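Here is what each chain is made of, one letter per residue.
There are 2 protein chains.
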Amino acid sequence: MINIAIDAMGGDFGEKPIVEGVIQALSIKPFNAILVGQSEILKPLIPQHLEKYIRYEEANEIFSMEESATEVLKRKETTIYKAIELVKEGKAKAVVSAGHSGATMSLATLKLGRLKNISRPAIATLMPNIKTNTLILDVGANTDCKVENLFQFAIMGEIYAKEIMNIQKPKIALLSNGEEESKGNELTKEAHQIMKKIPNFIGNAEGRDIFNGSIDVLVCDGFNGNIILKSCEGVATAIFQILKSEIKKSLISKLGALLLKNSFYKLKKRIDWQEYGGAPLLGINDCVIISHGKSDSRAIKNAIFQAIKFSESNINQVIENELSKYS
Amino acid sequence: MINIAIDAMGGDFGEKPIVEGVIQALSIKPFNAILVGQSEILKPLIPQHLEKYIRYEEANEIFSMEESATEVLKRKETTIYKAIELVKEGKAKAVVSAGHSGATMSLATLKLGRLKNISRPAIATLMPNIKTNTLILDVGANTDCKVENLFQFAIMGEIYAKEIMNIQKPKIALLSNGEEESKGNELTKEAHQIMKKIPNFIGNAEGRDIFNGSIDVLVCDGFNGNIILKSCEGVATAIFQILKSEIKKSLISKLGALLLKNSFYKLKKRIDWQEYGGAPLLGINDCVIISHGKSDSRAIKNAIFQAIKFSESNINQVIENELSKYS
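Residue numbers (full-length UniProt numbering), protein chains in the order written: chain Z, 1 to 327; chain D, 1 to 327.
In isolation and in its complexed conformation, chain Z is listed as follows:
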C-alpha cells in the first residue's frame, strides 16, 4: 500500500479538518497515512478501526503563514519540513500539506529537486467550467516568467491532463488579451510562437475561455494565474452576496429561494474549490499536493486521492520524456 505523508498541523484550522480528511479518505480507499505532527494531539482523533493505517512522524513546530518562505530551510522541526523529508528518504511517495504554500514549494524544489529540463516548477489548479474543469498553471509559484517557463508549463499541463485527468487530446491554450496570434504582451507573443511546436496547442485563450469549456489547460505566469483565481473567487462571492441581499427584501423571493435550495446547493458544490482537493506542484521529483490553508476535511480527502493517483501514475517520467523531444 502507498505511503502518504500528511502535514497534519500546518493548515489555518489546525489538525482537526486534516485528520478528519484522512479518516474520510481511509473510509473510501485504504492507504498508509503518515501523520506529521505531535502524536499526542493526533492519536486521540483516530478511530480504533483505522489505527492500522496510521503512523506518526513527530514534529513539534508549525511553520506559520506569516513567516517568510525562505526561512523554512532552517526550520527542521516543522511539520512541513519533516513531511518533505519523508519523501526524500523514500519513506513516503507523496506529501499533502495545507500549510504555507511558498515554504512547501521551496522545500520541495530544494529537497526533492526539479525534473530534468524543468527550470521552474509550477502550481496547477483546477477551475470548474460549464462542462468539466480547466487546469490552470502557474497559479502562484512564479511571478516573473520567461518564454521557456511558459513552454514547460504547457508540457506539464498537457501531460497532467492526459495522465491524471484522462483527456486523450487535451486542448492547451496560452492566456492572452485576445485570441489572435498578434494579441498579447511581449512575453506571451514570443511564447505563442514557441508553443506552436506542441501539437495540442490551440492558440491564445481569453479569460472567459476558462469557464466556457473550450479549453482543457490554460498556461500563464504565476502573477496572472493568482490574479485570475482571486478575481473569479471575488466575483462569485459578490454575486451570491448581492443575490442574498435582494432575496431578503421580500417574502415571495424568500419563498423562491427556499424552493431553489437544492439548485443553489448543486451550483455551490459545482464551483466550490474544496471539491477539487489541492493543487499539484508540477515539475519536481515525487509528488507534492498543496492544499488551501482553509481546507476543510473534504478538500483534504480529495487532495489525498489526488496524491494517490499522481503517485500511482508515471507522470513525472512522461513529462521528462516529452520535454526531451523538444530539447
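No lab work stands behind these hints: they were computed from the structure.
Everything hinted at is true.
Since the list gives no way to pick one copy over another, a pair counts as held whenever it fits inside one copy or between any two copies.
Straight line, CA to CA, 27 Å or less: simulated DSSO-like cross-link-like pairs of lysine-lysine:
#, residue 1, residue 2
1, Lys254, Lys266
2, Lys171, Lys183
3, Lys91, Lys29
4, Lys169, Lys197
5, Lys74, Lys183
6, Lys268, Lys16
7, Lys76, Lys183
8, Lys183, Lys111
Bear in mind the structure is a predicted one, so any value in this text is a computation, not a measurement.
Guided by the hints, dock chain D onto chain Z, whose structure is given.
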C-alpha cells in the same frame, strides 16, 4: 449646449442601438448630438420633436472590427475618423464610439494628443462591487507597461474618481498577487515603491478586492486589466448557465426561479456592464468614451452622459496639475 460627436455606425449592431441611445439620452437631458455617418440612413430614425438637437456629419465608411488599428489613420472617410476630427476642430467637445477600440485610441492619441506628462493614455472602466463600483485602469490600451505608466494611471484614476465619481478621498490600490508590499512581480514591486508618494495610495490589492468594496481605483497594466474583465465576465456567465441548467431539472425549482424573477433581474441589472456606459480614455486632450462593440441603447445613453459629465468637468486640467506636483 454641449456638442457631442457620436460615431453613429461603428458598433457591432449598426446604427439602430446607437441612435436609439441618443434618443433616450435626449429625452432626459438636452445636448447637441452630431451624428457621424450616412445621414440618409440616420435621419429617418430621428423623431421630429428631437430634430432640433441633431446635426449630421457625413461619413460613408465604417472602420471594421477586423481591421488593424494602425490602418485607421489612412481611412479618412470612416465614421470614427470624422468624429475625432470634429473634436480636433473644436466643433464637438467629446466623442462616443462603439467602434474599433484600438482604432479609436490610436486616432485620439495621435490627433488630439496626450496630456502633459502622460506617456500613455489608459482605458478606464467601472466594475460593480458589493457596495458601489470600482474603477480599473488600464483595461486594454497598454499590454506592456513601465513603472511610470502605472504611476500615471494611478493619478488619472484618482482624479477621475474625485472629479467624475465624486469620491473625495478615493482609495487607490495596485493589483498584485498579495497584499504585502513584498508581493508582486518585478514591475509591480517597483511601482509600489513609487506609488507610495500618492497620499491616497493604500497599497496592493488582490483580485477579490475589486468586488468587496474595499478599494475605489485599481491600477494594473492593460494585459492584466483585460484578462480580469474577461475572466470575471466568464465566471458570471458560467454561474448563471449552471444555475439555469439546475433549475430546469425540477418543477419545484422552476417555480422557485419564477418567484425569484425580480431578485435575479435586479442582480443582473447590478452586474450588467451596459448600465455603466462606456470606458473613458484617460490621458488625452478632450474627451473620448469608448463603448463596447455590443452596446445596446442603454449603454450608449449612459456613455453619452459620461461624455457630458467629463466634458463639463475640469478633469484634464486637474490631472495635468496633479502630475506636475510629482515631476
